[in-house]
Amino acid sequence: GEDVEQSLFLSVREGDSSVINCTYTDSSSTYLYWYKQEPGAGLQLLTYIFSNMDMKQDQRLTVLLNKKDKHLSLRIADTQTGDSAIYFCAESFMDTGRRALTFGSGTRLQVQP
Amino acid sequence: NAGVTQTPKFQVLKTGQSMTLQCAQDMNHNSMYWYRQDPGMGLRLIYYSASEGTTDKGEVPNGYNVSRLNKREFSLRLESAAPSQTSVYFCASSGLVQETQYFGPGTRLLVL
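Keeping their order, the protein sequence lines are chains A and B. Residues in the first sequence are numbered from 37 upward in steps of one, following the working numbering. Residues in the second sequence are numbered from 11 upward in steps of one, following the working numbering.
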């Protein structure tokens, strides 16, 4: 079945790196996503990785994908107070005939000055 | 280019009342989705529309109906609201080829 799991909370100091982890169970997923949600706001797409890649870097963001362990991580370098938010990982499927996402429950990142 | 817009932003209903949440996108996307977000949980899919003229149930469709009015608009209707439907509702859209979904700002619904 489809299941995406994340740890609930992460606290870091400003300037440190943050690593948010996610595990998923369905190996047929095609894309894996990271979304950011600030308080009272909708979800903002941060980055995504295709399932045949193992790494993607975009400025301060690095996504690592370990398909063997079904593990996805998001590293934020030089974390700022503006990075404080909830981060959701999500996976999508091509073989079910529907284009929908399965989300994790979100990791709340708290950045302390 | 506003992306995905949703109305209203906030709504309070009494149990048994009905209402329609509106969603529109201006990105010429084929697929549109309705999700609900509850505290401590990720988003769960209520209904989706893969293309204009089609709609399908998602993970939690009970108590809801949808209408894909045209390519731009996808509405979600609660015929008889229940307190269990208190949630934040998000609409999203995606193109045909690309899976990436873009989200609206959400509608916060409280059912008393």
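In case anyone wonders, no lab produced these hints; they're calculated from the structure. Honestly, I wouldn't trust all of these hints.
[What the hints assert, rightly or not] Listed next, the in silico DSBU-like pairs over lysine-lysine satisfying Cα-Cα at most 30 Å (straight line): (1) B:Lys-81 <-> A:Lys-72; (2) A:Lys-104 <-> A:Lys-92; (3) A:Lys-92 <-> B:Lys-67; (4) B:Lys-19 <-> B:Lys-67.
A quick note: this is a predicted structure, and the numbers were derived from the prediction, not measured.
Checklist entry - Of the hints stated earlier, which fail here? => result The structure conflicts with hint 3 only, although it agrees with all the remaining ones.
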